[in-house]
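For the record, the sequence lines run as chains A and U.
Using our numbering, the first residue of the first sequence is number 1, and each one after it goes up by one.
Using our numbering, the first residue of the second sequence is number 1001, and each one after it goes up by one.
It is worth saying that the hints were derived from the structure and are not from the lab.
We put the beta carbon where it would ideally sit given N, CA and C, even for glycine.
Just so you know, not all the hints are guaranteed correct.
Derived pair list, reagent style DMTMM-like, types lysine to aspartate or glutamate, alpha-carbon separation capped at 25 Å [unchecked claim]: (1) Lys1269/U with Asp1249/U; (2) Lys178/A with Asp1053/U; (3) Lys178/A with Asp1249/U.
Selected chain U positions facing chain A (in silico; Cβ < 7 Å) [what the hints assert, rightly or not]: (4) Ala1050; (5) Ser1054; (6) Asn1091; (7) Tyr1098; (8) Ile1102.
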Amino acid sequence: MKIRNVKSSELPFALATPAILWQVLFFYLPLFLIVSSSFLSLSDAGRILGFTLHKVQTFLQPTYLRVIFSSICLGLSNAFLCFCIAYPLAYFMAFRAKKKKNLLLFLIIIPFWTNFLLHVYAWFYMLEYNGVLNQILLQIGIIRSPIPFMNSLFATMVMMVYYYLPFMVFPLYSSLEKFDYRLIESSLDLGASWIHTLRHIILPLNIRGILAGFFLVYIPSFGEFAIPELMGGDRQMFVGSVVARYILGDQTGSLGAAFTIIACLALMLSSAFIYYIIKKIFTVRASYVAKN
Amino acid sequence: MKSIRLQNLTKSVPEGLVLNDISLHIPAGKFFALLGPSGCGKTTLLRLVAGLDSPDQGEIYLDEEEISHLPIHQRPINIVFQNYALFPHLNVFDNVAYSLKIQKLPKNVIEQKVISLLESFGLGSHIYKSTSQLSGGQQQRVALARAIVNEPEVLLLDEPLAALDFKLREKMLLELIELQDKLKTTFIYVTHDQFEALTVADQMAIMNNDGDIEQVGTPKEIYEFPLSSFVAKFVGTTNILQGILHNVDTSPVICVPDLGSFAIFMPNKKSWIVEHAPVLLSIRPEKIFISKTQAPNFSNVLKATVESIVYHGRSTQYNVVLKNQTKLQVFAQNEEHFPQEDIDYDNEVFLHWQKENAVVLER
Chain A
1 MKIRNVKSSE LPFALATPAI LWQVLFFYLP LFLIVSSSFL SLSDAGRILG FTLHKVQTFL
61 QPTYLRVIFS SICLGLSNAF LCFCIAYPLA YFMAFRAKKK KNLLLFLIII PFWTNFLLHV
121 YAWFYMLEYN GVLNQILLQI GIIRSPIPFM NSLFATMVMM VYYYLPFMVF PLYSSLEKFD
181 YRLIESSLDL GASWIHTLRH IILPLNIRGI LAGFFLVYIP SFGEFAIPEL MGGDRQMFVG
241 SVVARYILGD QTGSLGAAFT IIACLALMLS SAFIYYIIKK IFTVRASYVA KN
Chain U
1001 MKSIRLQNLT KSVPEGLVLN DISLHIPAGK FFALLGPSGC GKTTLLRLVA GLDSPDQGEI
1061 YLDEEEISHL PIHQRPINIV FQNYALFPHL NVFDNVAYSL KIQKLPKNVI EQKVISLLES
1121 FGLGSHIYKS TSQLSGGQQQ RVALARAIVN EPEVLLLDEP LAALDFKLRE KMLLELIELQ
1181 DKLKTTFIYV THDQFEALTV ADQMAIMNND GDIEQVGTPK EIYEFPLSSF VAKFVGTTNI
1241 LQGILHNVDT SPVICVPDLG SFAIFMPNKK SWIVEHAPVL LSIRPEKIFI SKTQAPNFSN
1301 VLKATVESIV YHGRSTQYNV VLKNQTKLQV FAQNEEHFPQ EDIDYDNEVF LHWQKENAVV
1361 LER
């Protein structure tokens, strides 16, 4: 029997086979199906009749573009709010918490491990008409009658920020934790105020963590379906709900696919734009460049 | 150029007391070295002066102005860290220009200042490079340039040369001395390396492990006239003999058990110098003359046996053992290619020293 001589350089590819198979079966193939079904017209029996732009064109009208725009706004505001809350927290954990660091990390991870529906019910209980928040506000005397918090953009945002916060905290924390604190001390020592140090030293050197956190929050919250459905009622339509409606609807699956394509394009374009803006804000450019 | 005065400075961390009631005057325009073993609190002291930490008790004065509670960025004091702490996202120019830009100086003034400083530091061809492209010595110079470009009153250096190799360190030490001479800024140089401290300092202070200052003086005073056995042992190498004082008022001697009595020299009256006081005699290895035959005209002679010989190039180190099993070190300058006599292992030798060259210390 002849034993095949496996070259050492072939081995890594062999090791990647399961991952590649998985990727092809559950990502590229579905993606291909979505793309093809949005640009092909099919007969009722499922036979391909030809190429069409009709399905995509269905969605190029103000109603749907507004939905996409709302989703961009939802994602952006969620990422921004998460950033504003997570940055001081990550900073505190990385530089000030010392021994309490692990406890804090653990406290942030716990909700991360908790079932999603439990989150939702917990927030129902907090925000409903006779819920905890209204009771507290009534007790303090800030309001006279309960406020209907549920089924509003406010409820959606609260839940979104709550749910996505760890996705922002972790990348920020891990990049701040590696940060050499002496750079901050150097900056202060050279006469910079704390704000100047934050703007010119800490944030620019933290840009990878900021970008990672921003996109880890922005991308999934753009397509978030469950939270706006459960917390926001039907006040506001987002991309997720539209896709779900078409995909789950009778005979409209390929329309859902077409809308997905448009939403994906919008997501990619907006992400590229956000990436550019964040880079632009936080990168310090050399102030003095060699002549010639 | 201003002086720094520390008044009863105390600082503790959760692990324990670091600085214990320290008072110290650092004269204006001097190169001052703070020497102490690792972990003795000298870096803590520097951080208090810089404003990176605040003292538990005590005050810090810059000339006559109390600065203990002045925020760090308002103190005209800059620090050079051991790892340089250069800003990795800025190039050499922007690193050095950092403090000038904060002061909002006009662009052309900044350019002119930074470039001429970098050129004088031999970094003229590296102005636009990223700091990671520079060698250790060059990064060190950039860190220095960044710290002096806004002309601080006091410059703090926290073991700035620890990461450099020996040759480069020697070179940088000389450059630092030259720089200090030129700028006349007060330099405070923290190190655990006695060679560095002795080389650079006009004045130096020795700190011990308890966070106290043992002695302040010029390098020569510290080395030749240590006031405690800690200083004698920590700065340079020394041989210590334990004995009892006799004839304090006439011709003082120290009686060492099993070895006899040795003439000593005590120019200054101290409270602990009394008859029969237990004392230490510190003799530097290079102050001892070693030979196979007894030499004339020395105030003290001692017999010993050579245990081992270490050849250092410019000098030879003899490790000898005395009759009472005390071990001593002797350095002999290698002045000749072909010495008159060769001292070998197990040889009986004579150790001689003049009484003025040994120091009597309180035990």
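Tested hints:
1. The suggested pairing of Lys1269/U with Asp1249/U holds, with an alpha-carbon distance near 10 Å, which does not exceed 25 Å.
2. The straight-line distance between the Cα atoms of Lys178/A and Asp1053/U is roughly 22 Å, inside the 25 Å bound, and the hint therefore holds.
3. Note on Lys178/A and Asp1249/U: the hinted pairing is violated, with a Cα-Cα distance of about 66 Å set against a maximum of 25 Å.
4. A least Cβ separation of about 6 Å between Ala1050/U and chain A falls short of the 7 Å threshold, and the interface hint therefore holds.
5. Nearest Cβ of chain A to the Cβ of Ser1054/U: about 13 Å, over the 7 Å cut. The hint is violated.
6. Interface hint status for Asn1091/U: upheld, as the beta-carbon distance to the closest one in chain A is roughly 5 Å, under 7 Å.
7. Using the Cβ-Cβ criterion of 7 Å, the hint placing Tyr1098/U at the interface with chain A is satisfied: the shortest such distance is roughly 5 Å.
8. The beta carbon of Ile1102/U comes within 5 Å of a beta carbon in chain A, closer than 7 Å, and the hint placing it at the interface holds.
Checked against the numbered hints above, the structure breaks hints 3, 5 and satisfies the rest.
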